[in-house]
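Visitor: Protein chains in written order, with our numbering: chain R, 31 to 191; chain H, 31 to 191; chain Y, 31 to 191; chain V, 31 to 191.
Quick caveat, the hints were computed from the structure, so don't treat them as lab data.
Nothing here was measured: the structure is a model prediction, and the numbers come from that model.
Careful: at least some of the hints might be erroneous.
No copy labels: a pair is met if it fits in one copy or bridges any two.
[Said to hold, decoys possible] Result set (DSS-like, lysine-lysine): computed pairs, CA atoms no more than 30 angstroms apart in a straight line: (1) Lys99 / Lys80; (2) Lys75 / Lys59; (3) Lys56 / Lys99; (4) Lys56 / Lys100; (5) Lys42 / Lys56; (6) Lys157 / Lys66; (7) Lys80 / Lys146; (8) Lys75 / Lys42; (9) Lys66 / Lys80; (10) Lys157 / Lys75; (11) Lys59 / Lys80; (12) Lys146 / Lys100; (13) Lys157 / Lys146; (14) Lys146 / Lys42; (15) Lys80 / Lys56; (16) Lys144 / Lys100; (17) Lys59 / Lys99.
There are 4 protein chains.
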Amino acid sequence: MLPEWVVETLRKRGIELSMIGDIVYKLQKPYNADLKMEDCMESVKIVLGKREVQYVLCTGIALDELAEKKLLPQPLQSIMDCDESLYGVDETLALGITNVYGMIGLTSFGYLDKVKPGIIGELNNRKNGIHVFLDDLVAGLAAAASARIAHNDPKAKVYGE
Amino acid sequence: MLPEWVVETLRKRGIELSMIGDIVYKLQKPYNADLKMEDCMESVKIVLGKREVQYVLCTGIALDELAEKKLLPQPLQSIMDCDESLYGVDETLALGITNVYGMIGLTSFGYLDKVKPGIIGELNNRKNGIHVFLDDLVAGLAAAASARIAHNDPKAKVYGE
Amino acid sequence: MLPEWVVETLRKRGIELSMIGDIVYKLQKPYNADLKMEDCMESVKIVLGKREVQYVLCTGIALDELAEKKLLPQPLQSIMDCDESLYGVDETLALGITNVYGMIGLTSFGYLDKVKPGIIGELNNRKNGIHVFLDDLVAGLAAAASARIAHNDPKAKVYGE
Amino acid sequence: MLPEWVVETLRKRGIELSMIGDIVYKLQKPYNADLKMEDCMESVKIVLGKREVQYVLCTGIALDELAEKKLLPQPLQSIMDCDESLYGVDETLALGITNVYGMIGLTSFGYLDKVKPGIIGELNNRKNGIHVFLDDLVAGLAAAASARIAHNDPKAKVYGE
Chain R
31 MLPEWVVETL RKRGIELSMI GDIVYKLQKP YNADLKMEDC MESVKIVLGK
81 REVQYVLCTG IALDELAEKK LLPQPLQSIM DCDESLYGVD ETLALGITNV
131 YGMIGLTSFG YLDKVKPGII GELNNRKNGI HVFLDDLVAG LAAAASARIA
181 HNDPKAKVYG E
Chain H
31 MLPEWVVETL RKRGIELSMI GDIVYKLQKP YNADLKMEDC MESVKIVLGK
81 REVQYVLCTG IALDELAEKK LLPQPLQSIM DCDESLYGVD ETLALGITNV
131 YGMIGLTSFG YLDKVKPGII GELNNRKNGI HVFLDDLVAG LAAAASARIA
181 HNDPKAKVYG E
Chain Y
31 MLPEWVVETL RKRGIELSMI GDIVYKLQKP YNADLKMEDC MESVKIVLGK
81 REVQYVLCTG IALDELAEKK LLPQPLQSIM DCDESLYGVD ETLALGITNV
131 YGMIGLTSFG YLDKVKPGII GELNNRKNGI HVFLDDLVAG LAAAASARIA
181 HNDPKAKVYG E
Chain V
31 MLPEWVVETL RKRGIELSMI GDIVYKLQKP YNADLKMEDC MESVKIVLGK
81 REVQYVLCTG IALDELAEKK LLPQPLQSIM DCDESLYGVD ETLALGITNV
131 YGMIGLTSFG YLDKVKPGII GELNNRKNGI HVFLDDLVAG LAAAASARIA
181 HNDPKAKVYG E
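Kindly produce the complete structure, drawing on both the sequences and the hints.
Guide: Dropping the structure here:
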């Protein structure tokens with residue numbers, strides 16, 4: 031279900047699945063006292079196993095890598111080099127990941143994108159390499175994995191149950 | 031541009047435009063040292079002057095009011111009474127507001143929806159009345175007004191300028 | 031999985047599941063010669079079995095019904111009475127349905143919303159009652175059910191398979 | 031407002047602004063008998079003058095060009111080579127364009143993406159080069175330009191006017 035190239039592609043960019051699991055855990059723990067780190071890791075793996083998520087991931091990471099190699103046409107190369115605050119294509123792309131588990135994923139994504147906890151903040155401050163897309167992709171993955179947990183929580187308040 | 035009924039509809043639900051302006055100010059000030067409260071108020075008014083924003087606003091507030099009057103059909107009435115955490119239609123509706131200024135608005139909305147600063151948090155804790163939609167609408171308005179300021183910031187890093 | 035109230039709520043508004051199944055069949059048949067009507071019906075039922083879809087459905091239909099009973103506050107009542115072309119909240123709401131199966135659902139929704147095949151067009155021309163939301167909800171359901179079929183098509187071209 | 035590189039980038043990929051204007055004209059003429067081709071061309075130019083639209087455009091076209099040069103990492107290169115039907119990142123990216131004028135743009139985009147009128151269909155059938163993103167970008171531009179015209183139509187039915 032989760033092809034090896036997905037894990038490898040993230041690893042080459044400095045992302046271990048446990049870093050994403052950590053963010054999911056911190057995000058969902060306040061709502062769910064029984065939540066375990068292994069539930070979060072499983073949720074991250076299921077999200078990464080989805081084909082549309084893999085498509086978004088390899089596209090965004092390709093853009094970061096090509097920017098590092100100075101292979102992008104202008105003005106895109108300059109935009110990526112200076113990490114323009116209004117670029118927005120990175121957030122748009124990440125929607126293709128967060129959408130997978132509905133609107134809850136979208137709001138968590140916005141939160142993570144702003145607060146930048148854990149590895150997301152480190153990526154943002156990293157001096158080496160270009161990570162315009164990677165931080166948004168990681169935020170999108172963590173948001174989707176969190177939304178999946180929220181949807182499956184048997185203690186969620188539901189009418190008539 | 032900003033019809034009186036829009037201001038009145040918000041006021042009847044306990045929202046003054048300055049409460050939204052406050053959220054915008056706190057959100058944008060860190061990025062823009064010259065920002066003034068009056069810039070934020072102007073941005074809120076321009077967002078509220080847009081027809082599609084007014085449409086979303088009056089629809090969401092109507093649902094809150096009808097829920098208070100117990101006029102909604104089942105199971106919607108029960109869902110609104112217990113403010114189900116997975117409902118999500120309130121967030122979906124608010125997208126119709128945040129979209130107006132692009133993806134930046136979307137991420138700010140997610141942040142505000144999670145952190146619930148100022149009046150958004152008060153609405154969430156208010157014991158009287160039903161405010162399932164109102165807190166998301168206010169977050170959406172503040173996010174859109176913030177995005178508008180960010181887009182117009184003359185000091186935003188832009189390639190080739 | 032598919033609660034009785036969902037089927038009943040649609041039926042009261044003149045929608046049988048088979049009408050949605052018909053639209054799905056016509057939409058997907060050109061891409062999939064083996065597709066059977068029963069596959070389409072199953073897909074419609076699975077989409078309708080999702081909680082977030084049910085939430086959107088009962089909210090949109092409640093707004094149509096309340097408009098018929100003249101119970102909406104102004105200016106929303108007038109907007110619904112004249113079916114304003116720029117209202118847009120009906121399309122926004124339907125996104126909460128189409129999003130469930132990703133971007134493919136979104137483009138099919140746009141197509142159905144414009145071409146209005148089958149019951150969608152009939153709803154649009156119906157002289158009795160108010161169906162501002164219902165036609166978009168049905169388009170959203172058909173789009174999501176179609177996207178689900180497309181995602182599960184074993185003959186879809188996929189790299190490395 | 032509309033930088034020369036935007037027009038040139040499209041031209042190098044075989045797209046003249048008039049081809050986009052043609053699609054807008056055919057899409058909006060049925061709703062607006064007074065519409066002139068020059069109104070459509072003006073709307074296309076205003077959409078192309080927006081910074082967030084330019085960002086999306088140059089990113090999508092860069093991916094097409096890099097795919098032609100076989101410079102993309104795997105599996106993205108193979109996905110683009112065979113134009114996988116479930117890829118979806120092209121549609122996601124185009125949302126960054128259609129969103130600029132709200133939900134109306136979104137439904138028109140879905141329609142154009144399915145029906146593929148004019149140059150959109152030609153791109154889809156072109157034997158030379160890779161145009162995975164370009165057809166969706168053109169559909170997004172035409173949809174946004176159409177939505178802009180619809181929003182500004184003085185004859186649009188609006189309550190209380």
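Visitor: Could you tell me which of the hints above the structure violates, numbers in ascending order?
Guide: Those not satisfied are hints 3, 4, 6, 17.
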